[in-house]
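S.K.: Produce the entire structure from the sequences given, and follow the hints as far as they go.
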Amino acid sequence: MPASPKRAWSWEGASKVMSRGFASNYRIVLLASVLIVSFGAIGVRLVHLHVIDRDKLLPYVERVRGQQVVQESRRGDIFDAKGNLLATSQPQVLVWVDPSFLRPEDEEKWPQLAALLGRPIAEVEQILRRRTRMVETEATAAVPEGPRLAGGPAEAGTAQGPTVQTIRWAKLADAVDEATFDRIQELGVRGVGGDHEYRRIYPQNEIAAHLVGFVNREGEAAAGVEAFADFYLRGQDGWRDVELDGRRREMAQFRAREVSPSDGYSVVLSIDSAVQFMVEEALARIEREFSPEGASIIVSDARTGFILGLGNTPSFNLNEYGAAAATDISVLRNIAITNQIDPGSTFKIVAASGALNEGLVNGRSLFDCTLEVIRYNGRDRRLIPDDHAWAHPLSVAEIISHSSNVGAAQLGMLLGEQRLYDYARAFGFGEKSGFPFGGEIPGMLNPPEQWSDLEITRIPAGYSVSATPLQIHYAMAVIASGGVLLQPQLIREIRDAGGETVQRFDRLEKRRVLTEQTAAAMADMLMGVAGPDGTAPEAAIVNYQVAGKTGTAQKLIDGRYSDRNHVGSFVGFFPASRPEVVISVIVDDGHPANGRPAYGRVVAAPAFRQIAEQLIPYLGVAPVRAPTRLIASRQEDGR
Amino acid sequence: MKTISSKAFVNQLLAGALVLVCATGGVGLGTVWLQHQISVSANASKSLERDIEIISRRLAAVTVEVGQEQRWESLLRRNRDWQLGLVMPREDVQVRRVDIDVAARLAGKRNDRMLTDAGLPETRLVLGGGL
Chain A
-2 MPASPKRAWS WEGASKVMSR GFASNYRIVL LASVLIVSFG AIGVRLVHLH VIDRDKLLPY
58 VERVRGQQVV QESRRGDIFD AKGNLLATSQ PQVLVWVDPS FLRPEDEEKW PQLAALLGRP
118 IAEVEQILRR RTRMVETEAT AAVPEGPRLA GGPAEAGTAQ GPTVQTIRWA KLADAVDEAT
178 FDRIQELGVR GVGGDHEYRR IYPQNEIAAH LVGFVNREGE AAAGVEAFAD FYLRGQDGWR
238 DVELDGRRRE MAQFRAREVS PSDGYSVVLS IDSAVQFMVE EALARIEREF SPEGASIIVS
298 DARTGFILGL GNTPSFNLNE YGAAAATDIS VLRNIAITNQ IDPGSTFKIV AASGALNEGL
358 VNGRSLFDCT LEVIRYNGRD RRLIPDDHAW AHPLSVAEII SHSSNVGAAQ LGMLLGEQRL
418 YDYARAFGFG EKSGFPFGGE IPGMLNPPEQ WSDLEITRIP AGYSVSATPL QIHYAMAVIA
478 SGGVLLQPQL IREIRDAGGE TVQRFDRLEK RRVLTEQTAA AMADMLMGVA GPDGTAPEAA
538 IVNYQVAGKT GTAQKLIDGR YSDRNHVGSF VGFFPASRPE VVISVIVDDG HPANGRPAYG
598 RVVAAPAFRQ IAEQLIPYLG VAPVRAPTRL IASRQEDGR
Chain B
15 MKTISSKAFV NQLLAGALVL VCATGGVGLG TVWLQHQISV SANASKSLER DIEIISRRLA
75 AVTVEVGQEQ RWESLLRRNR DWQLGLVMPR EDVQVRRVDI DVAARLAGKR NDRMLTDAGL
135 PETRLVLGGG L
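Going down the list, the protein sequences come from chains A and B.
Just so you know, this note's numbering puts 357 at position 360 of the first sequence, and the rest follows in order with no gaps.
Just so you know, this note's numbering puts 41 at position 27 of the second sequence, and the rest follows in order with no gaps.
Because the hints were derived from the structure by calculation, they are not lab data.
Nothing false has been slipped in among the hints.
Reference listing, derived: stretches of chain A covered by chain B, where coverage requires no fewer than 3 residues with Cβ under 8 angstroms from a Cβ of chain B:
{"hint": "1", "stretch": "84 to 95"}
{"hint": "2", "stretch": "193 to 207"}
{"hint": "3", "stretch": "264 to 276"}
The structure presented is a predicted model; accordingly, all values stated were derived computationally and were not measured.
By construction, the Cβ of each residue, glycine as well, lies at the ideal position given by its N, Cα and C atoms.
M.R.: Right, here's the structure in full:
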């Protein structure tokens, strides 16, 4: 079979074939014309929409399709020194309903919904069935008065008087946990939804309430560490621009700009929940036994000044601060820094330390403490009498251990007004301690030029001067730290959201007040207070050297010092020759059984001992058998 | 000389337009498919973000529960309810303070026998060899 000749493809040939198929028909011309006209019309419309009407239409499109979604950040946590959680943010769901979406067939699920929400069915049903509400609208246009139906939010300036408005959102519950909300969603009641949010919660309830502080319902840090460290704790909310489809769902592919949220930093405090618990227990006992007007206990590290525990009574539950504030707002105050009291005999350490530090007296100096009047700067000054009549002159150590007002006055006079004032200021009286947790007051310590003739006899004994419990505590801590006034501190570390430490705080010295030798000598003398002949043998602990000072100040009531109302205190540290812990117990207007006066030894010293005995095993404080600090310092000096 | 007729030219134009439409349509369809894939990926990413957020929230909720259970009141109640009998050690009864250097004492205890004759086997040297 002969092979058919191959015909090469040519443009001309193809044209001929095509000329027979398409172009010969006029209809193709018509179709082409229609197509061109149609495309032309579409093009004109597009130019109209995209160029001519662009400025008018673009805002509308952006408003309808575009949305900025805020991504909530999580506030940082607050931990104690051992990593126990003191404040955190708990995820919760605010459950709401859009009644216009409710279906009749879901009504049988309403009882289950009510049970999950923890509300009576009648209440829930009332919310679900209510479809409209009356609203007052402002008016500018003259519209006939009377109810009318509005489909959405009230249109301002269209009507006067009450308007019926369709309810599109009603709250069902505002603190539903995630697991419960999952079960609510499983019910499948259409129209019921939820907004996820974080709510601040305090797992330890009232523990360290005045230190931790709280965040109010508006999310603003209101007190304590929450307020002070808010800069670190609060996170930075994120946001993103999104576009929504016709069903108001986000079209993820059109996310334009996005800033991720950054969670807040965590704050690690120096307080230890265990120590704090001991403090709170002791306060509860004081409250039970003495029903005081108020009481404060402070425990700090003698070497660093960091606070290990601080509590007040009355106190409150951080998770119910609103209820506490409604009952008595004063319970929210941290009275350890906001209240000033007469320090009483605890102030005697100032005059004694000053006189020792200046070399005006030594361990062998004796003072006649039976005097009633003393001549000073050419004038007779009446002294505050002591409770006891002393059979012999008292040494400086005995003045302290017996808490002699007459002896303290003589020590003050040896120093003179200016030096006594300077030492009091150096110990931190009359100035804010720098404890930055809101409402701290500086106390009262007038300069010498404002003193009356009697004040040189009163101030050394702790009268005519006022101080906060924290100031009294850190004044005693000067002796415990070896003569240095330390900065009261509460925050140990700042950690980022990943747990990495970004800032660490260390011991901070404010100034040196006494030489180390003077501080050691004072510590030895203060041991006598808890000794058998001291004013507070109740504070003594077997095998441990306890140094401290009692204080019992009469309260100034209606301009007069009261014989029945006292501020009793015990401020001390241990072991005396190697101080590790400083403890202050201050009880304002306690009422011991049998009508006894609220002396420091009665209302405060037992609490000191209670806490100290618990701290010894907990902190592993060893008894001191080595030479005391005083002996060691004397050995160093070759004395 | 042969010339291309006007009808043939129109036909060629239409054929070219058809090819162009097909090519453009192909590109368009490809773009649509690409857009769809972008949308699928974006939605998958969004879903993962939501899952991570849910897990973070659950984790936070569990952290709160753990924190509440570690309250001192809760621990004391558990100690009482479960009759664990856990108490602080008493300094005067249960704690025995060791004043010496514990490391030196343990080292001494370990090395004493090595460094004295007491721990060594008896050895006798004989002249000329042998033990």
